[in-house]
Amino acid sequence: MKKIETTLADLRKDLAAFYKPELHHFMVMNAVETGEKMEVQWFFADYAHPCETTCFYAMIGREEEVPSIKDIVLSAWVAEAELVDLMNINVENTAKGFVLEPDFESGPLLKNK
Amino acid sequence: MGRQYEIPVGAQHISLLEPLHFKFTTENEKIISTDANVYYVHRGIEQACVSKFKFRQVSFVVGRVCGLCSISHTTAYSQVAEKLLKIDIPKKAKYLRMLVIELDRIHSHLLCLSHVAENSGFEALFMKTMQYREFSMELLEAVCGNRIQYDFSIVGGVARDLKPEIGQLILQRLKTFMPQLEELVNIYQHNWTLSLKNKGVGVLTREQAMQLNVVGPFARAAGLAVDVRDETEDLLPWKEVGFEMITDTAGDVHARNMIRLREIYVSIRIIQNIINGLPEGDLVTETKAFPDGEATVRLEAPRGELFYYAKGNKTQVLERLKIKAPTFSNVAGMVKAFEGNEYGSAPAIIASYDPCLSCTAR
Numbered sequence: 001m002k003k004i005e006t007t008l009a010d011l012r013k014d015l016a017a018f019y020k021p022e023l024h025h026f027m028v029m030n031a032v033e034t035g036e037k038m039e040v041q042w043f044f045a046d047y048a049h050p051c052e053t054t055c056f057y058a059m060i061g062r063e064e065e066v067p068s069i070k071d072i073v074l075s076a077w078v079a080e081a082e083l084v085d086l087m088n089i090n091v092e093n094t095a096k097g098f099v100l101e102p103d104f105e106s107g108p109l110l111k112n113k
Numbered sequence: 001m002g003r004q005y006e007i008p009v010g011a012q013h014i015s016l017l018e019p020l021h022f023k024f025t026t027e028n029e030k031i032i033s034t035d036a037n038v039y040y041v042h043r044g045i046e047q048a049c050v051s052k053f054k055f056r057q058v059s060f061v062v063g064r065v066c067g068l069c070s071i072s073h074t075t076a077y078s079q080v081a082e083k084l085l086k087i088d089i090p091k092k093a094k095y096l097r098m099l100v101i102e103l104d105r106i107h108s109h110l111l112c113l114s115h116v117a118e119n120s121g122f123e124a125l126f127m128k129t130m131q132y133r134e135f136s137m138e139l140l141e142a143v144c145g146n147r148i149q150y151d152f153s154i155v156g157g158v159a160r161d162l163k164p165e166i167g168q169l170i171l172q173r174l175k176t177f178m179p180q181l182e183e184l185v186n187i188y189q190h191n192w193t194l195s196l197k198n199k200g201v202g203v204l205t206r207e208q209a210m211q212l213n214v215v216g217p218f219a220r221a222a223g224l225a226v227d228v229r230d231e232t233e234d235l236l237p238w239k240e241v242g243f244e245m246i247t248d249t250a251g252d253v254h255a256r257n258m259i260r261l262r263e264i265y266v267s268i269r270i271i272q273n274i275i276n277g278l279p280e281g282d283l284v285t286e287t288k289a290f291p292d293g294e295a296t297v298r299l300e301a302p303r304g305e306l307f308y309y310a311k312g313n314k315t316q317v318l319e320r321l322k323i324k325a326p327t328f329s330n331v332a333g334m335v336k337a338f339e340g341n342e343y344g345s346a347p348a349i350i351a352s353y354d355p356c357l358s359c360t361a362r
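As they're listed, the protein sequences go chains R and G.
Last residue of the first sequence: 113 in our numbering, with the numbers rising by one and none dropped.
Last residue of the second sequence: 362 in our numbering, with the numbers rising by one and none dropped.
Quick caveat, the hints were computed from the structure, so don't treat them as lab data.
It cannot be assumed that every hint is accurate.
Distance windows between CB atoms, simulated [unchecked claim]:
| # | chain 1 | residue 1 | chain 2 | residue 2 | range |
| --- | --- | --- | --- | --- | --- |
| 1 | R | Met59 | G | Asp161 | 35 to 41 Å |
| 2 | G | Ser15 | R | Thr34 | 31 to 37 Å |
| 3 | R | Glu64 | G | Arg56 | 33 to 39 Å |
| 4 | R | Glu33 | G | Thr193 | 37 to 43 Å |
| 5 | G | Gly242 | R | Leu8 | 30 to 36 Å |
| 6 | R | Leu8 | G | Thr193 | 35 to 41 Å |
| 7 | G | Asn313 | R | Asp10 | 27 to 33 Å |
| 8 | G | Ile87 | R | Glu92 | 38 to 44 Å |
| 9 | R | Glu92 | G | Asp161 | 50 to 56 Å |
| 10 | R | Gly97 | G | Arg56 | 23 to 29 Å |
| 11 | R | Glu52 | G | Tyr265 | 25 to 31 Å |
| 12 | G | Leu196 | R | Glu33 | 27 to 33 Å |
| 13 | R | Ala48 | G | Tyr265 | 25 to 31 Å |
Residues of chain R placed beyond 12 Å of chain G at every Cβ, according to the derived structure [said to hold, decoys possible]:
| # | residue |
| --- | --- |
| 14 | Lys3 |
| 15 | Asp14 |
| 16 | Ala16 |
| 17 | Ala17 |
| 18 | Ile60 |
| 19 | Glu64 |
| 20 | Glu65 |
| 21 | Ser68 |
| 22 | Asn93 |
Glycine is no exception: its CB is placed at the ideal position from the N, C-alpha and C atoms.
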């Protein structure tokens, strides 16, 4: 797994430069708690290079808003909606209520709530 | 322009086998847009895996993510744990994992095909397909001890050996199944009534599949050659046992049926090669290490790419486990492929996606 660090400010620029639909396959987003911060991850596979996974990651504060990449990766809305519900991450233009009921307590996967 | 109507389908609906919810916006009988919802069946399995269970127990927990493809989940988890432990498993264990994965693929593909037939209004074909599928369930029970949720893959290898007489039973039953499979192919390919319901329906183009990151038979039917078995040579030696990529170009329900049927031939060949060339050796690599660091694994489940991420912290309990099921990747493509179709075709289209919400919501 190749990890590439980015920031919320550079995320869209970095992913737009990297992601080519004919070359890359967007898999999923993930978040890992690291103390007070969260590591948000975007996973891609490479059609041409077997066994290679690329992970873009950004360290964010719990209250920070993550920019949406829906216009760069058309299917990313599913992963973004899941992260909002399960990890209580604030993603731009993404509402609660895709995986969990809208009035459910957010972030059931968080260890440190 | 006609009047527009919103038609909700699911979470419980006669044509849905899973708790999915679609809201179709239709104009006359045509679907012009679709909203999807995976409908609130989250079970908190990822959280349980990092709070209530030790890492060696987790392979048994993730086997409960899905009844249909539990071998894919237990194998993917075992592989990601083995990466964190930095161990390689015996070659015999790799072969046995592939054997059960392919038996599982046969029963899963036949289940999907039967549901497409049922949702297309062809009840007799549904029953025939389910009848022919039964042998694969019996073989899985003979190999693993269970018809579903077989805890076969464990961290370090596999839990059971394959007895020689069971191997011979598999070969014999596959031989009996071959003419039945030919019969099914003939019906799904040439039946005129079924073709009216399946051909040109629910089309997803290769371009759309690529843009929407679709996986599995859904993608391959559209001409996108994506199959993790073609890419994970370092974990399981698929090409050594006869893996072959199957693709089509039409991208419709009929093409998805044919992809699944043709993939069953590949699965049969792989199983025969495994049994005829099963290596000798241990079943498990033992280690006393604890998982450390981060790792990812991709595995081709019957519905497509299954993805596991795990992070260890040198203790018995993992720091984080993330599961991405194939249906999760296909949600965006599913929504797209409804567009422009008659509302009456929706049940067959849904079944052809082979959705699994049990995996998706976890």
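Evaluated hints:
1. In this structure, methionine 59/R and aspartate 161/G break the distance hint of 35 to 41 Å, their C-beta atoms being roughly 47 Å apart.
2. Against the hinted window of 31 to 37 Å, the Cβ-Cβ separation of serine 15/G and threonine 34/R comes to about 45 Å, which falls outside the hint.
3. The hinted window of 33 to 39 Å between glutamate 64/R and arginine 56/G holds, with their beta carbons roughly 36 Å apart.
4. As the Cβ distance of glutamate 33/R to threonine 193/G is approximately 55 Å, the hint placing it in 37 to 43 Å is violated.
5. A beta carbon spacing of about 47 Å between glycine 242/G and leucine 8/R contradicts the range 30 to 36 Å that was offered as a hint.
6. Restraint check, leucine 8/R to threonine 193/G: a C-beta distance of roughly 55 Å breaks the suggested window 35 to 41 Å.
7. Asparagine 313/G and aspartate 10/R have their C-beta atoms about 29 Å apart, which keeps the hinted 27 to 33 Å range intact.
8. Checked against the hint of 38 to 44 Å, the pair isoleucine 87/G and glutamate 92/R passes, with Cβ atoms roughly 42 Å apart.
9. Range check, glutamate 92/R to aspartate 161/G: about 53 Å between beta-carbon atoms, so the 50 to 56 Å window is met.
10. The hint said 23 to 29 Å for the Cβ distance between glycine 97/R and arginine 56/G, and at roughly 36 Å that hint is violated.
11. Evaluation of the 25 to 31 Å hint for glutamate 52/R and tyrosine 265/G yields a pass: the beta carbon distance comes to about 30 Å.
12. Checking the proposed 27 to 33 Å range against leucine 196/G and glutamate 33/R shows it is violated: the Cβ atoms sit about 53 Å from each other.
13. Between alanine 48/R and tyrosine 265/G the beta carbons are some 27 Å apart, a value that agrees with the proposed interval 25 to 31 Å.
14. With a minimum CB-CB distance of about 8 Å to chain G, lysine 3/R fails to clear the 12 Å threshold, and the non-interface call is violated.
15. Every beta carbon of chain G lies more than 12 Å from that of aspartate 14/R, the smallest distance being close to 18 Å; the non-interface claim holds.
16. Alanine 16/R, annotated as away from the interface, keeps every beta carbon of chain G farther than 12 Å; the closest lies near 15 Å.
17. Non-interface status of alanine 17/R relative to chain G is upheld: no Cβ of that chain comes within 12 Å, the nearest being about 18 Å off.
18. At the 12 Å boundary, the C-beta of isoleucine 60/R stays outside the reach of chain G, the nearest C-beta of that chain being 16 Å off.
19. For glutamate 64/R, the condition that its CB be more than 12 Å from all CB atoms of chain G holds, with the nearest at approximately 19 Å.
20. Annotated as non-interface, glutamate 65/R keeps its C-beta farther than 12 Å from every C-beta of chain G; the closest such distance is 22 Å.
21. Look at serine 68/R: its CB is around 14 Å from the nearest CB on chain G, clear of 12 Å, so calling it non-interface holds up.
22. With 12 Å as the threshold on Cβ separation, the claim that asparagine 93/R sits away from chain G holds: the shortest Cβ distance comes to roughly 16 Å.
Hint compliance for this structure: hints 1, 2, 4, 5, 6, 10, 12 and 14 are not met, and every other hint is.
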